[in-house]
Amino acid sequence: MSSADEYSDDDAGYYDEDDDEMLVDDDGSASEMELDPMNDFHEGSSRRKIYEIDYESLSQADVERQMKSEVEYITSIFGVTVDVASLLLRHFDWNKEKLIEKYMDNATTVSVAAGITPPEKAPKRPAASGGRLHSSSELSRESLIGPRRSSRRVASAATKSSKSKLLERATPPRQDEPFVCPICFDDTQTEFMSLVCDHKYCKGCWGAYIESKVKTEAESWISCMAEDCDVVATDTFVQQVLGEDKGTWGRFQELLVRHYVSHRPELKYCPYPSCTYTVSCSISRASLATQVPIVTCGNGATHKFCFGCNVDSDHRPVICPVAKMWLQKCHDDSETANWIKSNTKECSKCQSTIEKNGGCNHMTCKKCKYEFCWVCMGPWSEHGTSWYNCNRYDEKASKDARDAQSRSRASLERYLHYYNRWANHEQSKKLSVELYAKTEKKMEEMQITSELSWIEVQFMKKAVDEVIKCRTTLMWTYAMAYYLEFGNEKELFEDNQRDLERAVEDLSELIESPLDPEVIKTLRQKVTDRTVYVTKRNEIVLEDTARGFLEGRWTWNSPVAGLD
Amino acid sequence: MDARLRRVNKEIADCKNDKSSNIDIDLVDNSPFHLIGSFDGPEGTPYEGGHFEVDIVIPDSYPFQPVKMKFITKIYHPNVSSASGAICLDILKDAWSPVLTLKSTLISLQSLLCSPEPRDPQDAEVAKHYMTSKSSFEETARYWTEIYAGGPGKAGKGKASGPRDEIAMAGLDSAHVQQFQSLGFEKSKVIDVLRRMNYRGANVANINDDRVVEEMLKP
Ligand SMILES: [Zn+2]
Ligand SMILES: [Zn+2]
Ligand SMILES: [Zn+2]
Ligand SMILES: [Zn+2]
Ligand SMILES: [Zn+2]
Ligand SMILES: [Zn+2]
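Just so you know, the sequences run in chain order S and W.
Counting from 1, position 543 in the first sequence corresponds to residue 543 in full-length UniProt numbering; the numbering is continuous, with no gaps.
Counting from 1, position 82 in the second sequence corresponds to residue 82 in full-length UniProt numbering; the numbering is continuous, with no gaps.
In isolation and in its complexed conformation, chain W is listed as follows (with noise of 0.2 Å):
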């Protein structure tokens, strides 16, 4: 039997039989070289009581080059494209070892849940975000993991059961857009600027106001 075939059908099945660490490896077709793995935000921190569910690719020459991963639900994290979900991970490049598994992967993604590295980022904006404010970055985070990952959230107060909070999906303070809104500028295109300028918490004393405009009249 192919190397790589078994060595990957072992690892499913060990994942299968191993009900402790809650990470499941499932088929997307027939194929076992394009997987679907999944598990839950870690406790105590913005993504809990998501699910979130991550692309796999297994590459011809693995186990000796790394496995392909990313990220299918939407997640709020720096090292994490809030676009594409590609994760910057040292593991899933030169860091990558033949010993480590799908599942002990996987479990290193949980981990990076847990503790973002802002200095290394894969999103920029984000990562500006945690570095500006943590508490406004995880109040975001929570919302992404509300609205992407079935987290519990607000939405048994009936805020998250209307149309999706813009202002909240991209961090930012209800009372700067209204701000801006006023002086006759769309609310899209006042998020959109607000949200690249970083405009948030002891950031928004940094910004000229008149900066912000200019950037706006932009096309």
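Excised from the complex, chain S in its bound form (with noise of 0.2 Å):
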């Protein structure tokens, strides 16, 4: 690789080269200020960039609060308590007019179907029609435990002779013993507790059983541990029951909350692991045409991920429909494709194996010190002139293609040309996480080569922040230029991409290059620079893209779905 002396000299004409859109300082250098990571990061609309969309980050307990409203409001219009409300809700998954509309139909069935009131203890029915035990002394523990006609199958299904047994079985009643619970057997349990149903258990097992549906099932929906028995635990009872258990609460209430979201168009839940945060954003389904609605929860700035689909991070400029049609498309081609994310290749000139260990893709054959491009495998003399076109596919061979064979085959080549790019980008963009670690390495050394501060070295991590964005950026630029008709639109769109492509490049072998002391405030300038300017040459790739979208400017070479 190179050092990072090699770019004084063409530094010039790299940059002079551009186009009028040419954004960074007329002296060529940036401020640290520029470099601010939360530059790019707003909450307010007055900022919003044109690739950027309007949401808000909700805390659980926002959520929380939002519930509680919609619970309120059923209270104070059926005068049922907050518990009943809740239930009511939750078994229309939140639907409050088709609650309305039902409860209003039919308050009974709705209540029995919520789990509210327990069949025969509904009004408008004879009193001794259930079957069931009601009161505590009439449990007895061999009624209880004992064989019991179970399930659909076997109750319709039991033979003669198991029926007459189960039936024999059911001993009388034995009025004066005492209570025991008949799930744990423990005489020495004295706090029962029970539904509206009045099926009564003690509180440890009510306790274990529902830390079973909670913590084992993430299941909130808690009916009665009374076989058949459709009543469900309120959340004033979960709660009782818990009592100390503060873990098996609080995860009861994420999944109360995690419910609620579901079945909310307007949120969405953070998709990682273990945040309890959601984001609200209005963003219509036919908008997703045009906007890439990428949001961030108010957790962390690393929570990145996509209101339209189920990608887990940024994946602008690409809208969701097409985000979506190459991942399956990568996913179906997946064997065809596998060599290329192998992190060895040969040396086109001596054959010798090279490993790639870092992000960059300048690569130099340790053997015969060939300098190539690990993406094209061609010399990388050609790659630091106005002549890269590494980005670029030369569709003249598809079009050239007469026969079936050779367009199956060049329609493969020009697959993996932008496949190949992709998986370049995604790869290096996973090696960022040892590049972090050799960063910190030579952030440390610096301090002590130098007499730089810690908040003076911090323009290495920086960069490499930049770098690891702006390869989120590539990938998907591959993925939206595999599906670009080619013309005019297209031409400008890799215009744009290989300049970001350049300057990631450059700055990635700039911060991987030896450390040398002498030159340490010239390498911060020079980095510090280089970052502004993949910042600026990524803000024209997402702007002009985005643009794109809302002037109707791309036109894709195969029907996307969910397109009009």
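Honestly, the hints are just simulated from the structure, not real lab data.
Keep in mind the model is a prediction, meaning the values are calculated, not measured.
There's no promise every hint is true.
[To be verified] Pairwise CB distance ranges (calculated):
1) S:Asp186 x W:Glu139: 47 to 57 Å
2) S:Tyr73 x W:Asn206: 52 to 62 Å
3) W:Glu125 x S:Asp93: 37 to 47 Å
[As the list claims (entries may be wrong)] Derived list of chain S stretches under chain W, where covered just means 3 residues or more per stretch with a C-beta under 8 Å from a C-beta of chain W:
4) 184 to 190
5) 204 to 217
Think of the CB as a built atom: it goes at the ideal place given N, C-alpha and C, for glycine as much as any other residue.
Work from the hints to combine the two standalone chains into their complex.
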């Protein structure tokens, strides 16, 4: 790899040949202020960029407040308790309108279905109709723990012999015996609880049952422990049972919030592990044809995800339907393309094996010193000039193809061109974990060998952050370019892509080059300048693509599902 | 004492004391959390006369999560995997209730033998057989009971005393098997293909012989 110094002489030409969109300060230097990582994180819409959308991050408490106001609305119109209103809303998946309609129609049926009242307790039915045991004195161990008619299958199917056996075994209740929990048989238990159905069990068993539902099954709809009893535990009951078990209670509340959020189209739960934040965004389905709703939850700047689809990262500049199509294609063709992902390749001059261990694509063969591009395997010398063409696929080959066989070969080659570059940026991003560690070491080194303070060496980390961010953009530009119809618009798109890619590769190479204590100050200025430049180039790609979507400038070379 | 241990010990003791249900629960090793349950095949079913063993594993969160059960004895039944013994029964999954016991669950399994649910199958091939021809299915189930569960069967007539009849095991007609064997295919291959294609009873008319041959030619 080349050292930092090699770059000083071509700096001028490199920046000057660029178009009128030159955004770096005239003297070519940038202040540290512009590298503030918070620069690209806007809350207010006033500073919103064209490729950003309006959204709001909500904490669990914020969502709970929303839920509470829905519950209060139901309590006020039906005159029911908070617990009942909550069960009703949960039963109707928080669809207020449907709940109101059905409840007005038949409150009894709804209450039974929502687990609020057991069928035999519902009004307008003979009091003695149920076959259940009601008071605790009637409960007998035998009758509860013994074989019972169970489940649709057995209930309908029990043979004569086994059915009669079941009935014989139900011994008459013994009035004077102390109540023993029919689940644990622990006669030292003194605290018993039941839901409105009066199925009594000890508090310990209730606690273990609720914990297992909540923690093992991630279930917040917890029905009574009695067989075939559909009465559901209210929030108050769950809280009473759990008492000091704050962990399970907290998880239960989180499950309630998740259930609510999952039924609200304008809300989405943060997909990052153990994060409890929600994002609120009112983008319409139709807008997904022109906008990419990338959001960040309020819990951390790294919790970035797409509100419009299931991609757990930034997929700008490409819109959701096209991103989805591309991922599906990569999935379907994963075997064909697997070889690309390998970390080793052969030098095209001397055939010795070369391993990639950083993000930089400028490779130098250890044996023959041949300098080449990791992506296209072409000589690196061409990449530093305005002839840089590594990002572009020559459509000529596929156009010239006459017979079916060469057409299919050309189409595979075309796909591999884009996939190769996509996968390479993705891989370079992954190698960044390593790069972070290396950079950290380098920053420590710098502090020792130069008089720079810890704050002053942060420019290295900022550069790495920016490189990773831009590689994400670059990845998705290849997905976009694969589907873009050949023509002027695509040419312009690929010009922007090329400029960003060159800038990223340059910065990437610079931060991975060996450290020379003599020139740290110069290096610092250079890295800082190029980081600003890369940021601007990234901005240009994102902005221009977003504008293109709004103007309807992009046409696709194959039909995109979900677009009209 | 550990609540789970107390509960399981009580269940085992209750089962031992109760002679009327004819359900047995035995320890596999010294742990009360790995057991073997057993019962007789219900009268008036193809499983009559057989004795069936069930592997029982008590999970850590028992009885709040369902007990894990599978047949050890091989059994021909739409809701039991003929290969692994895995069982499809609602109370072993989401219809489980902590008030259910090992004994009541085993009784439910016994009842399942009386009334298969082929529309919710564990073993799709067996279920197809059941739906196509109940009498042929029952014949095969009876044969399995005889071979694996110690059922009475035709052993007295000398038929099963020799090697196992693979054609009867697969619930096929020996004339059908011979028909394709005569084309030069191996017996085991013919049995495998005909079983998978449900070449039985009224279904035979729906299957083109060329398709059968095509299937047999596949590697
Ligand atoms: Zn208890
Ligand atoms: Zn109940
Ligand atoms: Zn988050
Ligand atoms: Zn998306
Ligand atoms: Zn070489
Ligand atoms: Zn290249």
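Verification of the supplied hints:
Between aspartate 186 of chain S and glutamate 139 of chain W the beta carbon distance is about 50 Å. The supplied range of 47 to 57 Å therefore holds. About 59 Å separates the C-beta atoms of tyrosine 73 of chain S and asparagine 206 of chain W, a value consistent with the hinted range of 52 to 62 Å. Between glutamate 125 of chain W and aspartate 93 of chain S the beta carbon distance is about 38 Å. The supplied range of 37 to 47 Å therefore holds. Counting residues of the region 184 to 190 of chain S whose beta-carbon sits less than 8 Å from any beta-carbon of chain W gives 3, enough to reach three: the coverage restraint holds.
Judged by the Cβ-Cβ criterion of 8 Å, the region 204 to 217 of chain S is covered by chain W as claimed, because 8 of its residues qualify and three suffice.
Hint check: no violations occur; every hint is consistent with the structure.
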